[in-house]
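So you can see what is in the structure, the chains are spelled out below.
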Amino acid sequence: MTGVDRDILISRVIDGEATPEDWTAFKALAAREPDIWRDLAEAQQDHAEITAAIESAIAIADEIEAPIEVHFSDRLTEKLRMVGSWGGWAAAAAVIAIWATGGVVFSPGAGQQAGISGTFVGTPEEKLNEYLDEGYKTGRIVAPVYSRVINNIIPDPNSGGYIIAYDLVISEIAIVENPMIEGVNEFGQAVTVPLRPTKPAGRPF
Amino acid sequence: MDRDDGSWMVNAAIQGDADAIRALWQEHRRWVATILLAHKPRQEDLEDLLQDVAMAFVKKISQLRDEEAFKPWLRTVAINTARAAGRSVTRRRHHDAKLRLHTDDRADHPDRDRMSPDDREESRRLMDLAMQMPEGYREPLLLRCIQGMSYKRISELTELPETTIETRIARGRRMLRELAATQEKEIKRTLSVRKP
Numbered sequence: 000m001t002g003v004d005r006d007i008l009i010s011r012v013i014d015g016e017a018t019p020e021d022w023t024a025f026k027a028l029a030a031r032e033p034d035i036w037r038d039l040a041e042a043q044q045d046h047a048e049i050t051a052a053i054e055s056a057i058a059i060a061d062e063i064e065a066p067i068e069v070h071f072s073d074r075l076t077e078k079l080r081m082v083g084s085w086g087g088w089a090a091a092a093a094v095i096a097i098w099a100t101g102g103v104v105f106s107p108g109a110g111q112q113a114g115i116s117g118t119f120v121g122t123p124e125e126k127l128n129e130y131l132d133e134g135y136k137t138g139r140i141v142a143p144v145y146s147r148v149i150n151n152i153i154p155d156p157n158s159g160g161y162i163i164a165y166d167l168v169i170s171e172i173a174i175v176e177n178p179m180i181e182g183v184n185e186f187g188q189a190v191t192v193p194l195r196p197t198k199p200a201g202r203p204f
Numbered sequence: 000m001d002r003d004d005g006s007w008m009v010n011a012a013i014q015g016d017a018d019a020i021r022a023l024w025q026e027h028r029r030w031v032a033t034i035l036l037a038h039k040p041r042q043e044d045l046e047d048l049l050q051d052v053a054m055a056f057v058k059k060i061s062q063l064r065d066e067e068a069f070k071p072w073l074r075t076v077a078i079n080t081a082r083a084a085g086r087s088v089t090r091r092r093h094h095d096a097k098l099r100l101h102t103d104d105r106a107d108h109p110d111r112d113r114m115s116p117d118d119r120e121e122s123r124r125l126m127d128l129a130m131q132m133p134e135g136y137r138e139p140l141l142l143r144c145i146q147g148m149s150y151k152r153i154s155e156l157t158e159l160p161e162t163t164i165e166t167r168i169a170r171g172r173r174m175l176r177e178l179a180a181t182q183e184k185e186i187k188r189t190l191s192v193r194k195p
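Residue numbers (numbering that gives the first Met the number 0), protein chains in the order written: chain A, 0 to 204; chain B, 0 to 195.
Keep in mind that the hints are not guaranteed to be accurate.
Covered stretches of chain B (in silico footprint by chain A; criterion: 3 or more residues with CB under 8 Å from a CB of chain A, positions within the stretch not fixed) [what the hints assert, rightly or not]:
#	segment
1	13-24
2	39-49
3	67-81
4	161-168
5	174-188
Here are some, though not all, of the chain A residues that point toward chain B, as calculated from beta-carbon distances under 8 Å [as the list claims (entries may be wrong)]:
#	residue
6	Ser10
7	Glu16
8	Pro19
9	Ala42
10	Asp45
11	Glu48
12	Ile49
13	Ile53
14	Ala56
15	Ile57
16	Ala60
17	Ile63
18	Ala65
19	Ile67
One side only, chain A facing chain B, incomplete, derived with CB under 10 Å [to be verified]:
#	residue
20	Asp6
21	Ile7
22	Arg11
23	Ile13
24	Asp34
25	Asp38
26	His46
27	Ala51
28	Ala52
29	Glu54
30	Pro66
31	Glu68
32	Val69
33	Pro154
34	Pro156
35	Gly159
None of these hints come from the bench; they were simulated from the model. Built from N, CA and C at the ideal position, the CB exists for glycine as well.
Only chain A is shown next, with the shape it has when bound in the complex (with noise of 0.2 Å):
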């Protein structure tokens, strides 16, 4: 038998995988060369210590999670740049939005039967359904108020979904005669200053 018979038989032996052909060839070694058996318990014991090393080693895997918020905060910021690319920015954060709530729009029509009186009662949704009828009646609000921009978004670790902060976004006018706003001077006092517009007069929205 060569060297490496002779080390795959023990090899085996310290693994468990010898099949009985293997012993009885072990056996038949064992009977030539005797020193076979201290051999094997060489190898038996190195195979135990270093066993033993190897596994305090990795012991600290046990402790090592996977990072699993990476991996959503990744899925979103591709999603993002997704939609970014042909909707623009704002329209992405908008469509994801969308698509991270579950599709939940505020419909203009609906809780329109509630009317808009100071005794109603209900959920801050149908409030705010409400209020938007109103403001779509009264042109008060004058852009889509689907548009949800995203903050953050965790996993919940109680009803096993996420928790998504946003931003609702409803843009309104109001007319005003002389429009003032707050500021602060070179001299860091406040000041109060007129407000113009930006763009000539026309359709400004």
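Chain A is fixed; fit chain B onto it per the hints.
Same frame as chain A, now just chain B:
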């Protein structure tokens, strides 16, 4: 990979299922750590490298096109991470106290509780010697030390024939014994020279 070997979980992870990604990592992280041990520079911290691999795993699993390639792919990610760490000359040095891969003094580890100080010292010495072996022998030898890592499973990981794995493990053990014998001789010679 056969259907019973978790290929459904690999597929789910590729599709972005968070639970599958988490479970898949938990199932494979111990052998990933062993691959890192086999390939990383001595001074690199295993924990840091494992976190790097976990990050790459999460970020890139969706790019995998064939679930059967999962294990070799993850092994490649681990090896690349270990080698990249080796190439980096600006890595931090402040972990020196815990850098020796087998000097982990985690008191809560059951094997450590069972080992005497002499046994620990011997384990440490053998790991040092194992790190002197060629990578091709070292990796399968270390992987074989993980529970449940058969020749067949190591063969799947490394994409080498099972017979090659078996031969390398057997030869690796022989090399380790010879290295240990040589070291013992040197120690004895050194001690005899010191005697008056």
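Hint check results:
Only when three residues or more bring their CB closer than 8 Å to a CB of chain A does the claim for the segment 13-24 of chain B stand; here the count is 6, and the claim holds. Here's how the segment 39-49 of chain B fares: 3 of its residues keep a CB closer than 8 Å to some CB of chain A, so the rule of at least three is met and the hint holds. Counting residues of the segment 67-81 of chain B whose C-beta sits closer than 8 Å to any C-beta of chain A gives 0, which falls short of three, so the coverage hint is violated. For a cut-off of 8 Å, the count of residues in the segment 161-168 of chain B with a CB near a CB of chain A stands at 3, and the three-residue condition holds.
A count of 3 residues in the segment 174-188 of chain B with a Cβ less than 8 Å from any Cβ of chain A is obtained; the coverage claim is therefore met, three being the minimum. With its C-beta approaching chain B no nearer than about 4 Å, Ser10/A sits inside the 8 Å limit, and its interface hint holds. With a least beta-carbon distance of about 7 Å to chain B, the hint placing Glu16/A at the interface is held under the 8 Å criterion. Annotation: interface hint on Pro19/A violated; nearest CB of chain B at approximately 18 Å, more than 8 Å.
Checking Ala42/A against chain B by beta carbon gives a least distance of about 5 Å; that is within 8 Å, so the hint holds. Taking 8 Å as the C-beta cut-off, the interface hint given for Asp45/A holds, the closest approach to chain B being about 6 Å. Satisfaction of the interface hint for Glu48/A is found here, the shortest Cβ-Cβ separation to chain B being roughly 5 Å, below the 8 Å cut-off. For Ile49/A, the interface hint holds, the least distance from its beta-carbon to any beta-carbon of chain B being 5 Å, beneath 8 Å.
The criterion of a C-beta within 8 Å of any C-beta in chain B is met by Ile53/A, whose closest approach is roughly 4 Å, and the hint holds. Evaluation of the Ala56/A hint against chain B yields a held restraint, the C-beta minimum of about 5 Å falling below 8 Å. For Ile57/A, the shortest C-beta to C-beta distance to chain B is roughly 4 Å, which falls under 8 Å, so the interface hint holds. For Ala60/A, the interface hint holds, the least distance from its beta-carbon to any beta-carbon of chain B being 4 Å, beneath 8 Å.
A distance limit of 8 Å between C-beta atoms decides the matter here; for Ile63/A the minimum to chain B is near 5 Å, and the interface restraint holds. Because the beta carbon of Ala65/A sits about 4 Å from the nearest beta carbon in chain B, less than 8 Å, this interface hint is met. At a threshold of 8 Å, the smallest CB-CB gap from Ile67/A to chain B is about 5 Å, leaving the interface hint in force. Given hint, Asp6/A at the interface with chain B, holds; its Cβ is 4 Å from that chain's nearest Cβ, closer than 10 Å.
Taking 10 Å as the C-beta contact cut-off toward chain B, the hint placing Ile7/A at the interface holds, the least distance being around 4 Å. Contact between Arg11/A and chain B, as hinted, is supported at the beta carbon level, the nearest pair being about 8 Å apart and thus within 10 Å. A cut of 10 Å between beta carbons decides the hint on Ile13/A: the least distance to chain B is about 8 Å, and the hint holds. Taking 10 Å as the C-beta contact cut-off toward chain B, the hint placing Asp34/A at the interface is violated, the least distance being around 13 Å.
A cut of 10 Å between beta carbons decides the hint on Asp38/A: the least distance to chain B is about 8 Å, and the hint holds. Using the Cβ-Cβ criterion of 10 Å, the hint placing His46/A at the interface with chain B is satisfied: the shortest such distance is roughly 7 Å. Restraint check, Ala51/A versus chain B: the minimum CB separation of about 5 Å is within 10 Å; hint holds. At a threshold of 10 Å, the smallest CB-CB gap from Ala52/A to chain B is about 4 Å, leaving the interface hint in force.
For Glu54/A, the interface hint holds, since its Cβ comes within 10 Å of a Cβ in chain B; the closest pair sits about 5 Å apart. Interface hint status for Pro66/A: upheld, as the beta-carbon distance to the closest one in chain B is roughly 5 Å, under 10 Å. This hint holds: Glu68/A has a C-beta 9 Å from the nearest C-beta of chain B, less than the 10 Å allowed. Among the interface hints, the one on Val69/A holds; its C-beta lies about 5 Å from the nearest C-beta in chain B, closer than the 10 Å criterion.
A distance limit of 10 Å between C-beta atoms decides the matter here; for Pro154/A the minimum to chain B is near 7 Å, and the interface restraint holds. This hint is violated: Pro156/A has a C-beta 12 Å from the nearest C-beta of chain B, more than the 10 Å allowed. Here the hint on Gly159/A is kept, as its CB sits about 9 Å from the closest CB of chain B, short of 10 Å.
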